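Trainee: Based on the provided sequences and hints, a complete structural model is requested.
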Amino acid sequence: MSELRQTVIRMLARPAGSIGFAIVALTLLVAVTAPLIAPYDPAAIAMAKRFAAPSFDHWLGTDHLGRDNLSRVIHGTRLALTIAFPAVLSAFAAGLLLGLVAGYVGGLIDRVLTVIADTFLSFPSVILGLALLTLVGQSVLNTTLVIALSLFPYYLRLARGLALSTRHQPYIKAERSLGAGRGRIMFLHLLPNMLPPLLVVVAMDIPSAIVIEAGLAFLGLGVPPPAPDWGVLLNEGFVNVAISAWPLVGPLMAIIFVTTGFTLLGETFRDIADPRLAGLGRRTGRFLMRRAR
Amino acid sequence: MAGYLLKRLGGAVVVLFLTALLLAAAVHLVPGDPARAVLGAHATPELIAQIRIKMGLDKPVAMQLWDFFSGLLRGDLGTDFVGGVPVTTLIGEALADTLALALASMILAVAGGIPLGIAVARRPGGVLDRLTHALSMVFVSAPVYVTSLILLLIFAVKLRYLPAMGAGQFSDPINYISRLILPATALALFWWGYLPRILRATMLDVLGTQYIRSARAFGFRENVIFYRYALRNAVLPIVALFGLMVGYSLTGTVFAETIFGRSGLGTLALSAIDQRNWPVIRGVVFTYALFFICANILADLSYRVLDPRVRLSEEFETGV
Chain A
1 MSELRQTVIR MLARPAGSIG FAIVALTLLV AVTAPLIAPY DPAAIAMAKR
51 FAAPSFDHWL GTDHLGRDNL SRVIHGTRLA LTIAFPAVLS AFAAGLLLGL
101 VAGYVGGLID RVLTVIADTF LSFPSVILGL ALLTLVGQSV LNTTLVIALS
151 LFPYYLRLAR GLALSTRHQP YIKAERSLGA GRGRIMFLHL LPNMLPPLLV
201 VVAMDIPSAI VIEAGLAFLG LGVPPPAPDW GVLLNEGFVN VAISAWPLVG
251 PLMAIIFVTT GFTLLGETFR DIADPRLAGL GRRTGRFLMR RAR
Chain B
1 MAGYLLKRLG GAVVVLFLTA LLLAAAVHLV PGDPARAVLG AHATPELIAQ
51 IRIKMGLDKP VAMQLWDFFS GLLRGDLGTD FVGGVPVTTL IGEALADTLA
101 LALASMILAV AGGIPLGIAV ARRPGGVLDR LTHALSMVFV SAPVYVTSLI
151 LLLIFAVKLR YLPAMGAGQF SDPINYISRL ILPATALALF WWGYLPRILR
201 ATMLDVLGTQ YIRSARAFGF RENVIFYRYA LRNAVLPIVA LFGLMVGYSL
251 TGTVFAETIF GRSGLGTLAL SAIDQRNWPV IRGVVFTYAL FFICANILAD
301 LSYRVLDPRV RLSEEFETGV
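Chain order of the listed sequences is A and B. For the first sequence, position 263 matches number 263 in the UniProt record's numbering, and the numbering has no gaps at all. For the second sequence, position 113 matches number 113 in the UniProt record's numbering, and the numbering has no gaps at all.
Simulated from the structure, these hints should not be mistaken for laboratory data. None of the values given here were measured: they were computed from a predicted structure. Mixed in with the good hints, there may be bad ones.
Unchecked claim - One-sided excerpt, in silico: chain B residues whose CB lies under 7 angstroms from chain A: (1) THR19; (2) PRO143; (3) LEU153; (4) ILE273; (5) ILE281; (6) VAL285; (7) PHE292.
For every residue, glycine included, the Cβ atom is placed at its ideal position computed from N, Cα and C.
Mentor: In structure tokens, the structure reads:
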């Protein structure tokens with residue numbers, strides 16, 4: 001536990017780390033307390049004051065239905081995180097288990113799993129999402145599943161690589177020579193050692209998930225409208241951009257703010273927390289990069 | 001190397017086959033009636049019956065897969081529901097504008113990112129270094145639709161400097177290029193954040209090596225050492241990013257095309273989704289996957305050709 005504390009202290013000592021931490025903490029706070037801090041009901045329509053410019057009543061103005069832009073962005077934070085976290089975590093769980101098995105067991109299972117992962121990797125996330133959501137229909141749950149589906153192969157490949165490189169470590173060999181079975185080695189020895197470096201990757205993927213989610217909604221295929229999703233807000237703002245640019249300002253700033261915050265935090269964490277990841281980062285850099293939206 | 005190439009291409013063919021299989025079978029993989037999945041919840045029974053026959057959904061599944069694959073080998077992706085045009089024709093028409101945008105964005109990315117990286121690496125810790133470091137975090141994090149919308153707001157809506165909408169015609173090159181500037185910049189911003197950081201890191205790595213020390217000991221001028229000896233080696237990893245760039249640009253074009261009202265693969269896919277025109281959607285998705293797979297092979301190969309260390313150390317990781 002003291003190691004964790006030390007890491008946190010070292011992270012906060014860096015400007016990038018402390019700024020990132022502050023932004024992420026603020027984002028979580030806003031998401032949790034959204035109904036308390038939002039000045040208005042995000043769904044309250046007031047046709048009399050459509051497209052209002054910012055004022056003391058409406059800090060970011062109002063949208064095409066007279067709804068308060070700020071309140072919608074605040075509620076959107078909650079929506080973004082309630083999709084991003086489950087999506088990334090379920091993708092992580094599936095990818096970790098499959099990758100562990102692929103890397104440690106090897107052979108035919110490894111080949112099959114790798115080919116499946118590569119097949120999913122050959123679709124850009126957003127394109128895969130578009131095709132699948134057309135067929136299964138738009139909803140919060142389907143969006144979450146589609147994002148998870150487009151992220152899991154990265155974890156599978158990462159976990160596989162880690163399992164491959166740790167299976168020949170002396171402590172694993174020792175365990176095997178003591179007669180431990182595959183299951184015991186995989187889940188009691190390999191898994192705990194793979195978790196810390198991979199958890200960093202997961203933390204850095206939260207913004208990727210947010211970006212894919214808002215992107216799909218922006219294209220009209222993710223979370224369906226009236227929901228105050230950031231992508232929906234961008235779409236509605238884009239359609240009405242000739243009348244007023246104010247509905248766009250909030251979601252644009254929110255996405256930049258949140259993704260930058262997570263990136264700062266993740267990169268600082270990677271730099272100092274886990275030297276193992278420095279090498280991992282270089283080798284798997286292209287996997288991480290390829291995810292780029 | 002030849003063996004690796006063969007293995008890699010073989011793997012790509014397998015993946016491409018599975019990709020096609022997944023797309024061909026997609027309508028059957030989702031729960032419920034495939035014709036209804038294609039047409040959505042509000043389709044009339046007549047339309048569903050019509051589509052069922054048009055798509056051959058009344059035939060056995062194996063037969064449908066066979067039809068799709070034999071068509072694919074003949075370069076036939078089916079015909080669209082609405083206009084009856086071959087999907088390959090639609091894709092062919094849209095592809096040029098998409099590739100022009102992707103190419104323009106890559107040129108901008110390199111033309112802006114590399115000089116910036118060199119300038120930063122010349123004076124690490126300087127004002128420019130710190131400024132780009134802070135900005136690069138934002139550029140790297142901001143998705144294409146955010147940068148596109150911001151550029152649209154600033155240059156097309158507020159300042160009215162550049163034409164915002166449409167792709168224009170090839171026959172009017174100046175107009176065509178001016179319409180590329182904003183969307184290509186939106187796509188290049190990511191690389192203006194990313195390339196300088198990579199170049200700075202590799203440059204500082206290289207400048208710390210023994211052969212640079214030796215060059216200094218021989219009394220070469222700092223400029224010669226920097227540009228002739230160090231830069232060459234530091235740029236290598238960036239050349240290897242080319243495949244990634246292709247992939248990123250192609251995905252990004254979907255958003256840039258929508259926001260700047262350009263014709264292209266992305267807008268073709270989206271209008272097909274609006275019309276629930278499944279053969280077109282399937283064809284476009286397959287085209288993207290095809291480009292993506294090629295780009296990834298290119299990325300892997302360039303890595304290996306350019307950096308022997310990768311060839312030696314990564315052997316175990318490549319998998320298929």
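Trainee: Against chain A, run the beta carbon of B:VAL285 and see if the smallest gap drops under 7 angstroms.
Mentor: holds (5 angstroms)
Trainee: When the nearest CB of chain A is found for B:THR19, is that gap smaller than 7 angstroms?
Mentor: This hint holds: B:THR19 lies near chain A, its Cβ roughly 5 angstroms from the closest one there, short of 7 angstroms.
Trainee: Given B:LEU153 as an interface hint, is its Cβ closer than 7 angstroms to any Cβ of chain A?
Mentor: holds (5 angstroms)
Trainee: Mind checking the CB of B:ILE281 against every CB in chain A and telling me if the closest is under 7 angstroms?
Mentor: holds (6 angstroms)
Trainee: With 7 angstroms as the cut and Cβ atoms as the points, is B:ILE273 at the interface with chain A?
Mentor: holds (5 angstroms)
Trainee: Mind checking the CB of B:PHE292 against every CB in chain A and telling me if the closest is under 7 angstroms?
Mentor: holds (5 angstroms)
Trainee: With a cut-off of 7 angstroms, does the beta carbon of B:PRO143 approach a beta carbon of chain A closely enough for the hint to hold?
Mentor: Result: holds, 4 angstroms to nearest chain A Cβ.
When the structure is compared with the earlier hints, no violation turns up for any of them.
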